[in-house]
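S.K.: Read top to bottom, the protein sequences are chains X and P. Here the first sequence is numbered in this note's numbering, starting from 1 and rising by one per residue. Here the second sequence is numbered in this note's numbering, starting from 1 and rising by one per residue.
There could be a bad hint or two in this list.
Said to hold, decoys possible - Straight-line C-alpha distance at most 25 angstroms; calculated SDA-like pairs for lysine to any residue:
| # | chain 1 | residue 1 | chain 2 | residue 2 |
| --- | --- | --- | --- | --- |
| 1 | X | Lys-220 | X | Ala-257 |
| 2 | X | Lys-274 | P | Ser-122 |
| 3 | P | Lys-108 | P | Val-170 |
| 4 | X | Lys-274 | P | Gly-84 |
| 5 | X | Lys-220 | P | Glu-8 |
| 6 | X | Lys-274 | P | Arg-95 |
| 7 | X | Lys-220 | X | Glu-240 |
| 8 | X | Lys-274 | P | Tyr-102 |
| 9 | X | Lys-307 | P | Glu-193 |
| 10 | X | Lys-274 | P | Met-55 |
| 11 | X | Lys-307 | P | Glu-190 |
| 12 | X | Lys-220 | P | Glu-130 |
| 13 | X | Lys-220 | P | Asp-89 |
| 14 | X | Lys-274 | P | Ala-134 |
| 15 | X | Lys-274 | P | Glu-56 |
| 16 | P | Lys-108 | X | Tyr-286 |
| 17 | X | Lys-274 | P | Arg-136 |
| 18 | X | Lys-274 | X | Ser-173 |
| 19 | X | Lys-88 | X | Met-58 |
| 20 | P | Lys-108 | X | Val-174 |
| 21 | X | Lys-307 | P | Ala-159 |
| 22 | P | Lys-26 | P | Arg-124 |
| 23 | X | Lys-274 | P | Asp-89 |
| 24 | X | Lys-88 | X | Leu-125 |
| 25 | X | Lys-274 | P | Tyr-86 |
| 26 | X | Lys-38 | X | Ser-123 |
| 27 | X | Lys-307 | P | Asp-20 |
Keep in mind that the hints were calculated from the coordinates and are not lab data.
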Amino acid sequence: MTDLRTQATEIHEQFEDQLEISVDDVEERLDTLVNEYKVPLSEARRSVTNTYLDEAGMERDELGGGGSGNDRVQVADVDAPEEWVDIKGEVTELWEANSDAVAQVGLFGDETGTIKFTKWSKSDLPELEEGNVYDLRNVVTDEYEGRFSVKLNRTTVIEELDEEIEVGDDDVSVEGALVDIQSGSGLIKRCPEEDCTRVLQNGRCNEHGEVEGEFDLRIKGVLDDGEEVHEILFNQEATENLTGITLEEAQEMAMDALDTSVVADEMRADLLGKYYRVTGPTFRRYVLVDEVERLSEPADAEAVLIKARSI
Amino acid sequence: MATTPTREVARRVFAGEFNDATYTFKESDDERAPVYLLLPTGERANRVFLVGTLMETEDVGDDSEYWQGQVIDPNGDRYYMYAGQYQPDAASMLRELEPPAYISVVGKPRTYETDDGEVNVSIRPESITEVDAATRDRWVVETAERTLERIGRYKDGTAEDGDATVDEYVAMAAEEYDLPIEDYRRQVVEALESLEDDEAVAAEPDA
Numbered sequence: 001m002t003d004l005r006t007q008a009t010e011i012h013e014q015f016e017d018q019l020e021i022s023v024d025d026v027e028e029r030l031d032t033l034v035n036e037y038k039v040p041l042s043e044a045r046r047s048v049t050n051t052y053l054d055e056a057g058m059e060r061d062e063l064g065g066g067g068s069g070n071d072r073v074q075v076a077d078v079d080a081p082e083e084w085v086d087i088k089g090e091v092t093e094l095w096e097a098n099s100d101a102v103a104q105v106g107l108f109g110d111e112t113g114t115i116k117f118t119k120w121s122k123s124d125l126p127e128l129e130e131g132n133v134y135d136l137r138n139v140v141t142d143e144y145e146g147r148f149s150v151k152l153n154r155t156t157v158i159e160e161l162d163e164e165i166e167v168g169d170d171d172v173s174v175e176g177a178l179v180d181i182q183s184g185s186g187l188i189k190r191c192p193e194e195d196c197t198r199v200l201q202n203g204r205c206n207e208h209g210e211v212e213g214e215f216d217l218r219i220k221g222v223l224d225d226g227e228e229v230h231e232i233l234f235n236q237e238a239t240e241n242l243t244g245i246t247l248e249e250a251q252e253m254a255m256d257a258l259d260t261s262v263v264a265d266e267m268r269a270d271l272l273g274k275y276y277r278v279t280g281p282t283f284r285r286y287v288l289v290d291e292v293e294r295l296s297e298p299a300d301a302e303a304v305l306i307k308a309r310s311i
Numbered sequence: 001m002a003t004t005p006t007r008e009v010a011r012r013v014f015a016g017e018f019n020d021a022t023y024t025f026k027e028s029d030d031e032r033a034p035v036y037l038l039l040p041t042g043e044r045a046n047r048v049f050l051v052g053t054l055m056e057t058e059d060v061g062d063d064s065e066y067w068q069g070q071v072i073d074p075n076g077d078r079y080y081m082y083a084g085q086y087q088p089d090a091a092s093m094l095r096e097l098e099p100p101a102y103i104s105v106v107g108k109p110r111t112y113e114t115d116d117g118e119v120n121v122s123i124r125p126e127s128i129t130e131v132d133a134a135t136r137d138r139w140v141v142e143t144a145e146r147t148l149e150r151i152g153r154y155k156d157g158t159a160e161d162g163d164a165t166v167d168e169y170v171a172m173a174a175e176e177y178d179l180p181i182e183d184y185r186r187q188v189v190e191a192l193e194s195l196e197d198d199e200a201v202a203a204e205p206d207a
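If we strip away everything but chain X, and leave its shape as in the complex, we get (with noise of 0.2 angstroms):
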């Protein structure tokens, strides 16, 4: 089957129930469209479904969904790249974009956890607000490096919905030796813009330029177990407890020695090579650090030494 009697198809069947047409009548429009004037094929689809649309009386997000016959799935349950599905929940988190192609992008959550959810600017959907319940229904999902995602397209209804969500956590737990302790930690200084949290270089803010910055403590580790390694943040609390430093200890030592990496310094002479386990929710490539406990009681050695005998 050709591209255009595909799209023909699939419009077809969006609009057989409401309409008197048969599929060559909407392959002819699109023929028309895109052999004749020269119409990209995404744009010939969508012009066409409008027309159907006007002559229908109906809405655009009358469309799919419904008869979508998509699996209605939850976060959790989405463990395959490449399925159309349906799926309801909270847009949690935006992020900034880091591409035009992308239009939003950000984490989607239900009652079994988070997913991270891409909406492309060429399939010009609506805007998703942050802290919005909505029904996404005709989205596919993704895969990268084992995370899962869904991604909007051109044919996915929102809808957004009247209710709130219980959004399940979905915190991991990560152990090993601390491996690295990453410039960017320690005492640092943060640009004091409104909204801008970034961290200054040499007293300048990517975005704002040079700024009296505000001083806060945090910690980019890296764990590793030999097998696996999980980059690690601690904020402030976490800093603070897992060190005993305080923000205002910190500042006092970078005040002594006049440099603040003499803060980072001691956290490395204290931490680097220790074995701990982390708990807290993932953002991006990172595990955000709520609880962390020092692994210091020895491992138990006979298991492993009955298996390290038999083979």
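With chain X held as given, fit chain P onto it using these hints.
M.R.: Just chain P, lined up with the frame of chain X:
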């Protein structure tokens, strides 16, 4: 995020196996591509993490400081590490620490060919920290586990009736080395037994 290079896992390997690993390779022709050490049990290592007893430190540099540290593992095998002006933190740790001391080391494997063609394996430390005995014991068990996993994979991959999908690095190790893998299993057993002996001693205060 695609621009963030994946951080290399720090491998856990006892000194006996580490010092046998003399073959290095790159995965691409790029000049800055990471260099990997091929472990005899069939795994690539661009970084290692170890915890052991620092036995000796010595400034072996001519003009500027160049510190050598020798760290012993439970089997009595030694890791050699070198830190100079480009590893200031690690160098100052080696200068200041008083052996014997338990230390943990994160570092990159390096190989060096001597004049008589022998390949020496050492570590260029990224960080060195003084730790306690519990951390060291935990590392011994962890390293035993990781080594056993590698040995298991190696044996599956090189068995005569094994299936065809042999791990790339197992195949490479079988090709490049002619070493008795059994030795590494024995090192695992001995390392773990040394922990049990310690416990037995600790349980008998009169001993």
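S.K.: For this structure, which hints from the list above don't hold up?
M.R.: none
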